[in-house]
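Using the sequences and the hints, build the whole thing.
There are 2 protein chains.
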Amino acid sequence: MTDSEKFRDAMWRLGAAVNIITTDGAAGRHGITASAVCRLSDDPAAVLLSVNRSGQMHGVLRANRKLCINVLGGEHEELSNNFASRRLEASERFGMAAWEEMENGTPALVGALCSLGCRVDTISETGTHSVFVCHVEEIRFGPAQSGLMHFGRRYHRLAIPEAA
Amino acid sequence: MTDSEKFRDAMWRLGAAVNIITTDGAAGRHGITASAVCRLSDDPAAVLLSVNRSGQMHGVLRANRKLCINVLGGEHEELSNNFASRRLEASERFGMAAWEEMENGTPALVGALCSLGCRVDTISETGTHSVFVCHVEEIRFGPAQSGLMHFGRRYHRLAIPEAA
Numbered sequence: 001m002t003d004s005e006k007f008r009d010a011m012w013r014l015g016a017a018v019n020i021i022t023t024d025g026a027a028g029r030h031g032i033t034a035s036a037v038c039r040l041s042d043d044p045a046a047v048l049l050s051v052n053r054s055g056q057m058h059g060v061l062r063a064n065r066k067l068c069i070n071v072l073g074g075e076h077e078e079l080s081n082n083f084a085s086r087r088l089e090a091s092e093r094f095g096m097a098a099w100e101e102m103e104n105g106t107p108a109l110v111g112a113l114c115s116l117g118c119r120v121d122t123i124s125e126t127g128t129h130s131v132f133v134c135h136v137e138e139i140r141f142g143p144a145q146s147g148l149m150h151f152g153r154r155y156h157r158l159a160i161p162e163a164a
Numbered sequence: 001m002t003d004s005e006k007f008r009d010a011m012w013r014l015g016a017a018v019n020i021i022t023t024d025g026a027a028g029r030h031g032i033t034a035s036a037v038c039r040l041s042d043d044p045a046a047v048l049l050s051v052n053r054s055g056q057m058h059g060v061l062r063a064n065r066k067l068c069i070n071v072l073g074g075e076h077e078e079l080s081n082n083f084a085s086r087r088l089e090a091s092e093r094f095g096m097a098a099w100e101e102m103e104n105g106t107p108a109l110v111g112a113l114c115s116l117g118c119r120v121d122t123i124s125e126t127g128t129h130s131v132f133v134c135h136v137e138e139i140r141f142g143p144a145q146s147g148l149m150h151f152g153r154r155y156h157r158l159a160i161p162e163a164a
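Line by line, the protein sequences give chains A and B. In this text, residue positions in the first sequence follow our numbering: the first is 1, and each later residue adds one. In this text, residue positions in the second sequence follow our numbering: the first is 1, and each later residue adds one.
Hints in this document: simulated from the structure, not taken from any laboratory. Take the hints with a grain of salt, since some may be wrong.
For chains that are exact copies, the list does not tell them apart, and a pair is met inside one copy or across any two.
[As the list claims (entries may be wrong)] With a straight-line Cα cutoff of 25 Å, these simulated SDA-like cross-link-like pairs (lysine to any residue) come out: (1) K66 x T126; (2) K6 x S130; (3) K66 x S130; (4) K66 x S80; (5) K6 x R87; (6) K6 x A27; (7) K66 x S124; (8) K6 x E137; (9) K6 x E89.
What follows is the structure in structure tokens.
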């Protein structure tokens, strides 16, 4: 097993929520599936997002400097695959679901578990990826009753506990 | 609902793996439970970790600049609670499980899903937390057959799929 295979095997053991990251602005509208999102600061409310520098999304996000993190519900498996597919253009991806607009003009997935409208604060490069520090300016909750997780190279659905 | 309550409610919708982060070195041995870990770069292999600046771990990690990320198995719920408890000193926390040593001298949890021995590359502050960019230098896989996730203010176990 090479070092990079070993790292990938370690990473599928680190389960994560699946999200669709969207942006819109002067550099255009785009969206990707991403699980490398994590909580950063409570005050100000901020999250981290890691994006591959070789993909189209990286340049678009750098230019627009605003985004929406759509946390997916258990029923969004196919949508997740579509937003991860290199064969689909942005217009085809967005055509597969219903969207509304966040206050910052980025697309919010109708029916997401929640949508976070963010402003990009800082961007720093490490190896193949960049880290975007995202300040959360708007939060909307959707009707989804379960979350979509990725673990062990598979999707999993987690139901929201009644007392949550 | 205040803005900070709304942010907390959004964050429990963002499911995440549960990990115990350990360190050892000139500033001493310490460990905390953390779910704010995410994949960063494949080459070099790197992950991100967000740590609260008000806790003891922050200063210890800043000084030691090395750590071990122990990805927890489904059976580690109680251990996760203990490493998150402010009432327990480091020595009490470590006394509750068996440990071996990573090559960088940090404690690896015996029976973890996997353990990542890391060197801290950069540290940057955002609000209440700091982001640690961690270069992964060593990976060990353990015998656990499930992962421990946090979602909807509760723990969940995800079994490793047979074909993973």
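Going through the hints against the structure:
1. Both within a single protomer and between protomers do K66 and T126 lie at most 25 Å apart by alpha-carbon distance, with minima of 21 Å and 18 Å respectively.
2. With identical chains, the CA atoms of K6 and S130 are at most 25 Å apart within one copy only, with a shortest distance of 22 Å there and 27 Å across copies.
3. Taking identical chains as interchangeable, the C-alpha atoms of K66 and S130 lie at most 25 Å apart whether they share a chain (15 Å) or sit on different chains (22 Å).
4. Proximity of K66 to S80 under the C-alpha cut-off of 25 Å is restricted to the intra-copy arrangement: shortest distance 21 Å within a copy versus 35 Å between copies.
5. When the C-alpha separation of K6 and R87 is checked against a cutoff of 25 Å, the pair qualifies neither within a copy, at 28 Å, nor between copies, at 37 Å.
6. Taking the shortest alpha-carbon separations for K6 and A27, neither the intra-copy value of 37 Å nor the inter-copy value of 30 Å comes in at or below 25 Å.
7. Taking the shortest Cα distances, K66 and S124 sit within 25 Å of each other both inside one copy (16 Å) and across copies (21 Å).
8. In the homo-oligomer, the alpha carbons of K6 and E137 lie at most 25 Å apart only across protomers (11 Å), although the nearest pairing inside one protomer, at 38 Å, exceeds that limit.
9. Neither within a single protomer nor between protomers do K6 and E89 lie at most 25 Å apart by alpha-carbon distance, with minima of 32 Å and 34 Å respectively.
In terms of the numbered hints stated before, the structure departs from hints 5, 6 and 9, listed from lowest to highest.
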